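Input sequences plus hints: build the corresponding full structure.
Top line first, the protein sequences correspond to chains A and B.
Be aware that the first sequence starts at 1, since it is given in the numbering used here, and climbs by one per residue.
Be aware that the second sequence starts at 1, since it is given in the numbering used here, and climbs by one per residue.
In case anyone wonders, no lab produced these hints; they're calculated from the structure.
All figures in this text were calculated on a predicted structure; none of them were measured in a lab.
From the three backbone atoms N, C-alpha and C, an ideal C-beta is built for every residue, glycine too.
Some hints here could point you the wrong way.
[What the hints assert, rightly or not] Anything over 10 Å on all C-beta distances counts as not near chain A; from chain B, calculated: (1) Ala-31; (2) Pro-36; (3) Thr-86; (4) Ala-93; (5) Pro-95; (6) Met-110; (7) Ser-178; (8) Phe-193; (9) Leu-254.
[Said to hold, decoys possible] What follows is a list of derived Cβ distance ranges for each label pair: (10) A:Glu-59 to B:Met-1: 27 to 35 Å; (11) B:Val-182 to A:Glu-59: 42 to 50 Å; (12) B:Ile-246 to A:Val-231: 51 to 59 Å; (13) A:Ser-89 to B:Thr-54: 29 to 37 Å; (14) A:Val-166 to B:Ile-246: 27 to 35 Å.
[What the hints assert, rightly or not] Here are the simulated DSSO-like pairs of lysine-lysine, each with C-alpha atoms no more than 30 Å apart in a straight line: (15) A:Lys-108 to B:Lys-96; (16) B:Lys-200 to A:Lys-97; (17) B:Lys-2 to B:Lys-96; (18) A:Lys-27 to B:Lys-96; (19) A:Lys-210 to A:Lys-170; (20) A:Lys-12 to A:Lys-170; (21) B:Lys-2 to A:Lys-123; (22) A:Lys-125 to A:Lys-170; (23) A:Lys-125 to B:Lys-2; (24) A:Lys-108 to B:Lys-2; (25) A:Lys-125 to B:Lys-137; (26) A:Lys-7 to B:Lys-96; (27) A:Lys-128 to B:Lys-5; (28) A:Lys-206 to A:Lys-220; (29) B:Lys-96 to A:Lys-97; (30) B:Lys-96 to A:Lys-12; (31) B:Lys-2 to A:Lys-128; (32) A:Lys-97 to A:Lys-128; (33) A:Lys-108 to B:Lys-5; (34) A:Lys-123 to B:Lys-5; (35) A:Lys-220 to A:Lys-12; (36) A:Lys-97 to B:Lys-137.
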Amino acid sequence: MSTIEFKGLVKKYRDVTAVDDLWAEAKPGRITGFLGPNGAGKSTALRCLLGLANPTSGESLIGGRPYSGIAHPLQEVGAVLDSSGFNGSLTARQNLKIICAASGIDYKRINEVLELVELGNVKGKRTKGFSLGMRQRLSLAVALLGDPQVMVLDEPANGLDPLGIVWLRKFLRDLADQGRTILVSSHQLAEMQHTVDDVIIINHGKLVVKGTIAEVTKGKSLEEAFMNLVVGA
Amino acid sequence: MKLLKSEFLKLVYQRRTYGLLLAAMAIDVLATAATPYVLSKSKLGIEMSLSTPTAVDAIYAKSLGGYLFVVIVGVFLMSSEFAHHTAIATFLATPKRIRALGAKLIVAAMFGAVFNLVASAVGLASGAIALSAYNIKVAPDSYIWVDYPASAMLTGAVLAVIGVAIGTLIRNQNLAVSLTMVWLFLVDRLIAFIFPDWGKWLPTGLITSLSDLHIKVGGANSPITIDTSSFLDPWPAAGMLLVYGIVFSMAAVLTTLRRDID
Ligand SMILES: Nc1ncnc2c1ncn2[C@@H]1O[C@H](COP(=O)(O)OP(=O)(O)OP(=O)(O)O)[C@@H](O)[C@H]1O
Ligand SMILES: [Mg+2]
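Next comes the structure, spelled out in structure tokens:
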């Protein structure tokens with residue numbers, strides 16, 4: 001239903017091919033880890049998926065449609081991107097109101113999502129003073145505003161403390177158990193081992209391996225498997 | 001409607017908007033209040049009898065200066081999206097970029113019109129007070145009470161749209177704001193000063209034309225010359241300003257549709 005599909009996605013910048021003929025998918029009810037070293041092309045692939053970057057060729061679809069073809073995108077897809085931000089001179093609540101207004105989401109939902117990400121006590125504070133972890137939680141709150149079936153998360157654990165990471169893991173698991181599609185990028189492999197059901201590993205924009213965590217790790221740790229595949233045994 | 005509301009909130013939540021409105025009011029008040037004094041000082045070589053309708057109109061026309069701040073409101077409305085990376089949230093909520101940008105341009109135009117109307121109303125009031133302080137009984141041409149507010153709204157709308165367009169073309173916020181200031185405060189005026197025939201086609205010249213003042217004061221021996229005698233009539237000037245607004249909007253749409261957002 002709400003499967004995410006990369007179909008031969010290519011994204012070239014002037015002198016680098018950031019994503020090189022990527023074929024992969026993320027399925028409902030599962031957490032799919034999108035892994036690769038720095039500069040592998042994870043963020044670029046996700047930005048193409050969300051219509052923020054124009055692919056050079058190929059396509060990426062959510063529930064069979066390109067992102068730009070979804071009538072109410074925030075109600076179907078929640079996204080946390082590494083480069084997204086907030087207007088620091090506005091409060092957390094004001095930042096979210098602007099987004100709710102644009103997508104027809106009831107303002108009531110703002111308090112709910114801020115409670116969910118444990119930012120209820122700072123909703124009236126300007127985001128200028130937010131720590132990295134608080135910003136990350138606020139991004140997650142934005143992704144949850146529309147109660148979407150699909151979540152696309154680029155390095156959501158960035159800036160979170162160990163407690164926050166445990167919290168996030170449980171949070172994503174709950175979402176997947178509700179049948180949602182979760183695609184989450186990371187380079188923190190040890191952490192991902194315990195979080196994901198499926199993995200997509202890319203390097204230099206190219207697919208290295210994809211499958212269930214058991215198929216890919218073959219009993220070893222994800223870190224070991226990754227080293228063997230990416231760095232070359 | 002949803003999008004218009006969202007863009008409107010971006011303006012009203014931003015405290016800077018109110019600062020810029022105060023600045024626009026201040027410049028209009030200062031200009032209308034100071035002009036009677038300047039015109040009455042023959043030392044500057046632009047002496048004009050204050051007791052003529054044209055001089056009185058010229059004083060009230062100084063209430064149209066708020067556009068300098070309207071354009072900055074427009075620049076910030078767009079460039080802050082890139083500076084704070086909120087453009088990502090904006091275009092995730094509205095992936096059809098032309099709709100998001102269209103809403104921004106419409107809101108900028110409406111807000112700019114009202115913004116400049118308020119600033120000019122304050123300026124007109126200050127002009128009236130200044131004239132009564134100078135004990136000048138000559139009435140301005142009565143059309144200015146309609147034409148100047150209308151001109152303020154038109155220039156406010158067009159300049160706000162131009163500001164948004166500049167914000168899409170120059171994504172660096174500081175650069176966008178500084179270049180806009182340098183252009184309107186300096187380049188436009190310098191060109192108008194050195195090549196008056198070109199200057200009348202530039203925004204500053206067109207906005208001056210809206211006040212329908214064909215003045216020539218000063219001359220070869222005076223340090224300051226004001227010569228608007230060959231400026232366009234208000235209607236063609238208004239049309240030309242609209243053309244600027246349309247051209248800038250199209251440039252904004254074209255760049256925003258093509259470029260990646262990050
Ligand atoms: N806007 C851009 N212009 C030019 N090159 C870019 C741009 N964005 C990304 N790249 C290049 O594309 C490649 C992939 O970058 P990307 O950010 O997608 O990697 P990543 O897998 O997300 O890395 P990280 O783990 O560090 O976040 C890199 O070589 C990067 O330099
Ligand atoms: Mg990245």
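Given pair status - Lys-12 (chain A), Lys-96 (chain B), alpha carbons within 30 Å: Roughly 23 Å separates the two Cα atoms, so the pair holds.
- Query: If you draw a straight line from the CA of Lys-27 (chain A) to the CA of Lys-96 (chain B), is it 30 Å or shorter?
  - Reply: Measuring from Cα to Cα gives roughly 26 Å; hence the hint holds.
_Can you confirm whether the C-alpha distance between Lys-97 (chain A) and Lys-137 (chain B) stays at or below 30 Å?_
Violated: Lys-97 (chain A) and Lys-137 (chain B) sit about 52 Å apart, past 30 Å.
ask   = Straight-line Cα separation of Lys-206 (chain A) and Lys-220 (chain A) no greater than 30 Å?
value = holds (23 Å)
Would Phe-193 (chain B) pass as off the interface with chain A, using Cβ distances and a cut of 10 Å?
holds (38 Å)
- Item | Hinted pair Lys-7 (chain A) and Lys-96 (chain B), Cα distance within 30 Å | holds (22 Å)
Status of the given 29 to 37 Å range, CB of Thr-54 (chain B) versus CB of Ser-89 (chain A): violated (45 Å)
CA of Lys-2 (chain B) to CA of Lys-123 (chain A), is that 30 Å or under?
holds (23 Å)
(Q) Between the alpha carbons of Lys-2 (chain B) and Lys-96 (chain B), is the straight-line distance 30 Å or under? (A) Within the cut-off at roughly 14 Å; holds.
Query raised in the report: Is 42 to 50 Å right for how far apart the beta carbons of Val-182 (chain B) and Glu-59 (chain A) are?
Result: Since the Cβ atoms of Val-182 (chain B) and Glu-59 (chain A) sit about 44 Å apart, the hinted range of 42 to 50 Å holds.
- Should the label of Met-110 (chain B) as a non-interface residue stand, given a Cβ cut-off of 10 Å to chain A? holds (16 Å)
Report task. Below or equal to 30 Å on CA atoms is what counts here, so check Lys-210 (chain A) against Lys-170 (chain A). Result -> Status holds; Cα separation ~23 Å.
Of the numbered hints listed earlier, those contradicted by the structure are 3, 4, 5, 13, 14, 16, 20, 25, 35 and 36.
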